[in-house]
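**Q** These protein sequence lines are chains A and B, in that order. Just so we're aligned: 148 in numbering that gives the first Met the number 0 is position 149 of the first sequence, and the numbers increase by one with no gaps anywhere. Just so we're aligned: 11 in numbering that gives the first Met the number 0 is position 12 of the second sequence, and the numbers increase by one with no gaps anywhere.
Simulated from the structure, these hints should not be mistaken for laboratory data. Computed from a prediction, not measured in an experiment: that's the story for all the values here. Since no wrong hints were added, every one of them can be taken at face value.
Listed next, the in silico SDA-like pairs over lysine to any residue satisfying Cα-Cα at most 25 Å (straight line): (1) B:Lys1 <-> A:Arg205; (2) A:Lys66 <-> B:Ile20; (3) B:Lys29 <-> A:Leu128; (4) B:Lys1 <-> A:Trp247; (5) B:Lys29 <-> A:Ser32; (6) B:Lys1 <-> A:Asp236; (7) B:Lys1 <-> A:Asn240; (8) A:Lys66 <-> B:Phe23.
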Amino acid sequence: MAFLRRRVYQGLGAILPNAYVQGFFSASLYQGSLKGVCTPLFNCYACPSALFSCPIGTMQHFAATGKVPFYAAGTVAIVGASVGRMTCGTLCPFGFLQDILFKVRSWKGRLPGWASSLRYVALVLLVFLVPALTQVHWFSRLCPMGTLTGGLPWATMSGGVRAMIGSLFWVKIGILLLFVTSSVLLKRPFCRAACPLGAIFSLFNRSSFLQLAWNPDTCTRCGKCQKICPVDIRPDDNPTNPECLRCWDCTRCPSLTMTTVLHRNPFGLTGTAEGRGGKILPGTSAG
Amino acid sequence: MKYRTAAFLLTAAASAALLAIGLFRGEFAKALVNGALL
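Between the sequences and the hints, there should be enough to build the whole structure, so can you do that?
**A** As structure tokens, then:
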């Protein structure tokens, strides 16, 4: 049931920020005041139906113009401090697409652990450093979500845009195809290895208000949580893992539950387990 | 546990301060112009 609810939220996360449908018919961008609002989602604001701004695009624009992006960073940080990476797991449209693609029956592989540090490289290099040095929005130029929801629709709708297509467009298409095809074989390759927004949110997983709690007393270490995890981690190893998308799929297991930093004993146990990070209270039956 | 609560309060306060500074500097309008005129 929780799983279906997440699919509904993901559907809403894909539809609601892109509700300006007339943009596709009039070949125009929405230019109202909502466009100043950064959504905590990876959603391209060059999409003809986009109502809101992409926080990564906004941060990158500020970096390219030599300014500090207080507003976009503050928006992302407030969401991260509240729910950690939860928007990645429950609302992000590109994450939704990757979840669906992974359902395709095929051989399945595993992303190597070191690949998850690449998203921090993408954040530092492509969102801040290179745009600041070159004044060119390099992440947006290469972003697969931008190609899918911005570049491709515009190239289809506008002859002017088609006339401007150069070699960079085909590089963008190649990057999009790389992530689309790898999403069939691997769990969320873009979110784990390349998403700069996910990189920012993952910094907050340890201290966010919403937390995942694990009960070592009832956990049998069966590993089913890893099988259903959209990023292939074991929540029982580290409930505050920066990879965790806070999708709550694993809370189908009674040994894992959603809690907050204010809850000291989320499982209602008497003097056994603290529940977070697998820590056992000293001097107790479990400790 | 207390450490986590303190870390949350600290990050929440810092995030709110960042957002407030950004709004005070009129960055909403800059984001709007950038987003609308892509």
